[in-house]
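Make the full structure from the sequences, and use the hints.
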Amino acid sequence: MLNANRAERILSSVTTPERAAAIVGDLAEEARTRGTRWFWFHVLRTAWSHMRLSEEQRLGLIFGLICGGMWMGLLILGNLGGTAVLGNIRDNHPRVYGMTGSFALGGLLVPVMTGLLAAYRMGGSMRAALRVGLLSGLISGVMCLLTIVPITILFHGAMMLDPSNIHEFARSAGRAPSQAELSHFLYWDALGGGLNMLWIGSLLGLTLGTLGAFFGKAMFHGDQKRAT
Amino acid sequence: MPPATTLGDFEQIVLLAILRVGENAYGVPIRAEIAACTDREPAPGALYTTLDRLEDKGMVTSRLGDPTPERGGRAKRYFMVTASGVEAVTRSQRAYQRLLKGLKLPLGAHA
Numbered sequence: 004m005l006n007a008n009r010a011e012r013i014l015s016s017v018t019t020p021e022r023a024a025a026i027v028g029d030l031a032e033e034a035r036t037r038g039t040r041w042f043w044f045h046v047l048r049t050a051w052s053h054m055r056l057s058e059e060q061r062l063g064l065i066f067g068l069i070c071g072g073m074w075m076g077l078l079i080l081g082n083l084g085g086t087a088v089l090g091n092i093r094d095n096h097p098r099v100y101g102m103t104g105s106f107a108l109g110g111l112l113v114p115v116m117t118g119l120l121a122a123y124r125m126g127g128s129m130r131a132a133l134r135v136g137l138l139s140g141l142i143s144g145v146m147c148l149l150t151i152v153p154i155t156i157l158f159h160g161a162m163m164l165d166p167s168n169i170h171e172f173a174r175s176a177g178r179a180p181s182q183a184e185l186s187h188f189l190y191w192d193a194l195g196g197g198l199n200m201l202w203i204g205s206l207l208g209l210t211l212g213t214l215g216a217f218f219g220k221a222m223f224h225g226d227q228k229r230a231t
Numbered sequence: 117m118p119p120a121t122t123l124g125d126f127e128q129i130v131l132l133a134i135l136r137v138g139e140n141a142y143g144v145p146i147r148a149e150i151a152a153c154t155d156r157e158p159a160p161g162a163l164y165t166t167l168d169r170l171e172d173k174g175m176v177t178s179r180l181g182d183p184t185p186e187r188g189g190r191a192k193r194y195f196m197v198t199a200s201g202v203e204a205v206t207r208s209q210r211a212y213q214r215l216l217k218g219l220k221l222p223l224g225a226h227a
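If you read the sequences in order, they're chains Y and S.
Anchor point for the first sequence: position 161 equals 164 in this note's numbering, and the numbering is continuous, going up by one each time.
Anchor point for the second sequence: position 62 equals 178 in this note's numbering, and the numbering is continuous, going up by one each time.
Possibly wrong hints are sitting among the right ones.
[Claimed, not checked] Restraint ranges, calculated between C-beta atoms of paired labels, are given here:
hint : chain 1 : residue 1 : chain 2 : residue 2 : range
1    : S       : Ala159    : Y       : Ser186    : 56 to 62 Å
2    : S       : Thr177    : Y       : Arg35     : 26 to 32 Å
3    : S       : Arg169    : Y       : Ile65     : 20 to 26 Å
4    : Y       : Thr36     : S       : Asp125    : 52 to 58 Å
5    : S       : Ala159    : Y       : Gln227    : 33 to 39 Å
Calculated directly from the structure, the hints in this document are not laboratory data.
Note that beta-carbon positions come from the ideal geometry of N, C-alpha and C, so glycine has one too.
And the structure:
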């Protein structure tokens with residue numbers, strides 16, 4: 004749906020209301036032949052290009068979104084893979100479910116790459132790289148929280164039937180759960196896990212980012228030496 | 117004498133497109149003109165940020181037209197190239213022409 008008022012509100016947050024209205028008018032005019040998807044793609048792209056972010060913020064945001072995407076994939080597959088929502092792919096398509104491993108690995112490698120690239124692009128500055136790592140880690144943590152809580156609420160019924168959740172409760176409590184206990188357990192586990200990801204994500208961004216930053220700094224100084 | 121303001125490639129393209137379109141130079145026809153002349157369609161976001169930057173540099177001015185119903189009551193933002201914009205793009209283009217002059221290019225093309 005071409006909701007031009009909403010598009011105008013988005014663009015008004017990054018430019019003046021008059022300019023936002025004129026841009027939305029232009030995009031709406033072209034969207035008559037190009038379609039709604041084209042319209043929204045360019046509303047968001049135009050908003051992105053108008054954002055006056057520093058290099059650090061831009062890198063932190065981009066890598067935070069990539070890393071958060073990895074964790075989101077892991078959370079969705081991990082929590083819904085054994086349910087009817089995803090066709091019980093854990094049992095029916097173990098290879099697809101095996102992507103959880105790739106997502107987890109990606110979630111660890113991306114912070115390293117973040118630190119590496121940030122240090123390299125910021126003139127070998129460890130401090131700047133750590134700020135980028137922290138920001139990207141925090142963003143990925145927020146994305147985890149915003150993923151796990153909604154999927155637990157939306158697909159609560161399906162998750163209640165997942166045997167792995169029942170086993171997880173039984174392992175910690177030493178007995179099988181009642182329906183009410185399992186429901187309670189799922190909600191609190193999601194909220195607790197999601198909130199924990201805020202500091203875990205930030206910590207991973209800092210520590211793994213530091214590791215990558217050492218390489219980035221070394222690469223930057225290596226290039227400097229070769230150039231002189 | 118103050119140093120002359122330099123223009124990037126895309127800034128020059130945008131200024132020339134505005135001059136070519138003339139009085140009706142708002143986002144849509146400017147983008148269409150660039151696409152027609154360069155065979156490359158610029159992203160709207162890139163065009164609008166460049167137009168804003170050119171306005172900040174004093175190379176273009178803009179005015180809002182009347183709201184039109186086919187745009188959901190939104191006005192068009194018309195752009196005009198200022199005298200300093202004309203001067204800057206002319207200077208940049210002359211520099212290119214001087215660089216090309218007399219140059220024997222590969223594949224038999226001559227400047």
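Hint by hint, here is what the structure shows:
no.	hint	result
1	S:Ala159 x Y:Ser186: 56 to 62 Å	48 Å, violated
2	S:Thr177 x Y:Arg35: 26 to 32 Å	29 Å, holds
3	S:Arg169 x Y:Ile65: 20 to 26 Å	22 Å, holds
4	Y:Thr36 x S:Asp125: 52 to 58 Å	28 Å, violated
5	S:Ala159 x Y:Gln227: 33 to 39 Å	34 Å, holds
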